[in-house]
Each structure stands twice: as C-alpha cells, then as structure tokens.
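S.K.: First to last, the sequence lines map onto chains A and B. Just so you know, the working numbering puts 26 at position 26 of the first sequence, and the rest follows in order with no gaps. Just so you know, the working numbering puts 152 at position 152 of the second sequence, and the rest follows in order with no gaps.
These are computed hints drawn from the structure, not numbers from a lab. Small disclaimer: the values here were computed from a predicted structure and weren't measured. Hints may contain errors.
[Said to hold, decoys possible] Going by beta-carbon spacing under 10 Å, a handful of chain B positions derived as facing chain A:
{"hint": "1", "residue": "Leu45"}
{"hint": "2", "residue": "Phe48"}
{"hint": "3", "residue": "Asp62"}
{"hint": "4", "residue": "Ala73"}
Glycine included, C-beta positions come from ideal geometry on N, C-alpha and C.
Number of protein chains: 2
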Amino acid sequence: MSEAHAPAHPAPTGPATAQVSPGDRTPPTAADECETLGLVAYGQLAAFTQLAGDSRHAEDFDTCLQLAHLASAALAGQGAVLDRVTALGGDAAAQLESFVGSFDNFVDRTAPSTWWEGLLKGYVGFGVAHDFLRVLAERLDGPSREAVDAALASFAPDALAAEQLAAAAAADEVLGSRLALWGRRLVGEALGFVNDLLSARPALGRVLVCEPVPTTADPAEAARPPMTTARLFSLLTAEHSRRMGRIGLTA
Amino acid sequence: MSEAHAPAHPAPTGPATAQVSPGDRTPPTAADECETLGLVAYGQLAAFTQLAGDSRHAEDFDTCLQLAHLASAALAGQGAVLDRVTALGGDAAAQLESFVGSFDNFVDRTAPSTWWEGLLKGYVGFGVAHDFLRVLAERLDGPSREAVDAALASFAPDALAAEQLAAAAAADEVLGSRLALWGRRLVGEALGFVNDLLSARPALGRVLVCEPVPTTADPAEAARPPMTTARLFSLLTAEHSRRMGRIGLTA
Chain A
1 MSEAHAPAHP APTGPATAQV SPGDRTPPTA ADECETLGLV AYGQLAAFTQ LAGDSRHAED
61 FDTCLQLAHL ASAALAGQGA VLDRVTALGG DAAAQLESFV GSFDNFVDRT APSTWWEGLL
121 KGYVGFGVAH DFLRVLAERL DGPSREAVDA ALASFAPDAL AAEQLAAAAA ADEVLGSRLA
181 LWGRRLVGEA LGFVNDLLSA RPALGRVLVC EPVPTTADPA EAARPPMTTA RLFSLLTAEH
241 SRRMGRIGLT A
Chain B
1 MSEAHAPAHP APTGPATAQV SPGDRTPPTA ADECETLGLV AYGQLAAFTQ LAGDSRHAED
61 FDTCLQLAHL ASAALAGQGA VLDRVTALGG DAAAQLESFV GSFDNFVDRT APSTWWEGLL
121 KGYVGFGVAH DFLRVLAERL DGPSREAVDA ALASFAPDAL AAEQLAAAAA ADEVLGSRLA
181 LWGRRLVGEA LGFVNDLLSA RPALGRVLVC EPVPTTADPA EAARPPMTTA RLFSLLTAEH
241 SRRMGRIGLT A
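Construct the complete structure from the given sequences, taking the supplied hints into account.
M.R.: Below, the structure is given as structure tokens:
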C-alpha cells in the first residue's frame, strides 16, 4: 500500500504501556468485535502487499512463485471476515480503511538490509501477528471466531521461511549469529507495535480482557487466569522463543 | 518478477511474422500441450505480479483492495494447470520457468506514464492475452482445456478497469482522446508480442493450427476454417475493437 494513504489512527510513538483492565467477563460489544475483525482483514491486506513485494524481489524463481502463492493465500477468507463486520451492523469498508497506515511504523523501523533479514522479518512479524490475532479471536463470538480462524489458517508462511532460515543459519555460523540478533530486534519492535495498537485502539484492549469463549470442555482452559497486557506479552514472547528455536536460533 | 531471472527463451525482436502452416488436423502432441500450459501458468504469475504492483500504487484504498484481490485471483487454478503438465509427462516447474523474461519486452515497451495509461494497459493487454490463450485452449484435450478455462475464468480484470475507464473517458474528452491513441499503441505492441511468442515457440504455433476440439454440436463451429496466423490476428483485433467500444473509445 502506498504511503499516500494517510493513517486514520496514527500509532503512538511514546513509551507508554497500554493499560488494559482485566476481569471484564462480559462478551465484547458488536462495535469492538467489528474493530477486531477490521484489524484482521487489514492485516491480511498488509501481508498480501508485503509478500507480493518480496515475490518480486526473490532471488530465485521457485521462491518467487512460492511467495506469490503465499501472498494470494493471505487474502483468502478476507471477504468472510468483512461480511461478518456487515452482519454485526458495522461498515466493513470504513472499518478496514481505518487501519490504513497503522502498520507503517513497524514496517519502516524494521527495513531489512538483506534477503535473509527480510525473510526473518516475515517469519517473526507474521508469527507475532498470528499469535496476537488468535488470542483476540478466542474472545469473539462463534461466527466471528470461525471467520478469523479460517483467515489465519489459509495463511501460514512459516513453512517456507522456517525451512530456508534453518538451513541458512545451520550452514553459516556468522549469518546465524546475525540473524539471532536481528530476531531480537524484530520481536522488540513487533511487541512495541502490538502495544501501540492496544493504546490507539481501546476496543482491542476490551476484547483482549474478555473471558475467552470456551471451545472445549477442557478444565485447564476454564481455569485460565484472565488475560492482561502483561500476560499477553509473556505469551507472545514465549511463542516467539519457540519459533526461533524451530529454526535453530536463540531468541 | 525481478529482471535477475534471465530469459530462457528471449523473444525475437526482428520484424519477421511468425510462420504457421494451417491445416494440421492432428491433435497437439503432449510436449506442445505442456508448453501451452506453461505459457498459461506463467501468464498467471505475470498477471499476479503486475496487478500486485498496481495495487501498491493505487490512488485510493478501494482500488488498492480490488487490485489486490484481482492479483490473488490471477493465480487461482495455476496448480491445476501445472498438475496437468505433470500428468502429460512434462516437468511443470521447468516448463513454467522457461517463460521467465519472455513478457519483459512487451512490459518495457509499454511503460505507462499515468495511472489511466496503466489501467488501460491492463485492460488491453490482459484482454488480448485472454483471447489468445482461449484460442489455444480450444485446441487442447479435454482435461487441459478445462484447467485453462478455469484459470482464465477466475481472472477477469475487465470489470474493474472497464467501469473506471469508461467513466473517466466520458468525463474528460481530452483524456479520452489520449487513451484512444494509447490503446492503439498498446494493441500494436500486444499483437507484436503474440507474434514474437509464436516465432520463439513453434509448439504454440502447432497448437494454434490444430482443429479445435468441438465442445458443442454447433454446425457453425464445425464449419470454421482452420486457424492461421492472419486469422488469429484478425480475431484478436476484432475482440480488441469490441473491448474498446465497451469503454467508449475508438480502437
């Protein structure tokens, strides 16, 4: 997306931590749910744009083709997410457009200087985004959750990047060290981005602290403590460490 | 796609007209069929790349989103086309990659200088490509034809561009005249591109002159004269004129 689209909600750049009060056990309002769905749909478009650009600059034809298909897959199910906004009484197009520009700060602050840095950026960035959106989705009502789950499932770029990154890091120790360092920088920026988003969008914070809708009779799930910003960041960090471990890098 | 992918079959730049002998009533060989399918699949990737780039530079958010979805749709069914190459004993990846760079000459010679020129380039270029591929597809065997038809059907950017171009040309007479002129330039380059492709790829010419596989009991179809290069170009030109007429411009 062009820089020409002015951000409707510029992300805050200050160091303030988003304040979210836990324990709100009521389900999210339709408006809060719509805003969450708008974020998911916009994330799909941002992923498409990123992956399509990566495809154009891929070093070999096979990667170019795979990235093009990943880009296409990123948009699959976006229609269902936006339809759900409409069904909840929201303005789908306006909701989507309200997020324009809100990812720019993260994108600009993590400009990769090599192909490998770019690949790791996608791996880490999409990973954190997936985990965050999944936590939010668990708190939406049934049809919304299904629409988000389908959208997230159709788009998992991990497979491609993980394999290539693991092989590259294993073959070149210096590259591996550099990428481990870059990964720490990336996750810091990604968590900062999530924090900025929660600050700029109180609706997302309200969804976050809602009790998750139980999908199983698992007593462990029922016993989970309510979500807080701190607990969210610890969850995102733990998932990131596991993800880095899968490609042989220290988080 | 990056310029870094060297063309395996550089298109000829000379003025020679492709020589195709009509009247070969035998069905295409599997190898010729594979090459045709490779062209279709590569055209899908080229369309994806073009539309994704246009999406990034769209003037408004709605167009950006629509172009992103058109880009994604352009790749739909590519897997089925490539699977068909494999089923016919071909090397799908190699077949696809063999076309890398073969569209560059057309793309470079028709660099648009405005948004409207770019939109018309897509409208004219994709239109001619669709018509050409459909003529080839009619001469493939059943499963191949179905795979190509599905790929072409999932990707029809005309609707978006036609509406916008017609409105713009109607509202601004000077723009309309300029676009009509640009359209003539574009179709000339597109037909030259088809001619270059037929020269560089004898397999495509052999498919072209095969008797079409009848899909209906229509006696008019059975009575059609065999295809020649001249007849192909007259058909492509006539379709182009109709297409320009639909947006209110003289071809």
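S.K.: State for each hint whether it applies.
M.R.: Tested hints:
no.: 1; hint: Leu45; in the structure: 6 Å, holds
no.: 2; hint: Phe48; in the structure: 5 Å, holds
no.: 3; hint: Asp62; in the structure: 7 Å, holds
no.: 4; hint: Ala73; in the structure: 8 Å, holds
In terms of the numbered hints stated before, the structure departs from none.
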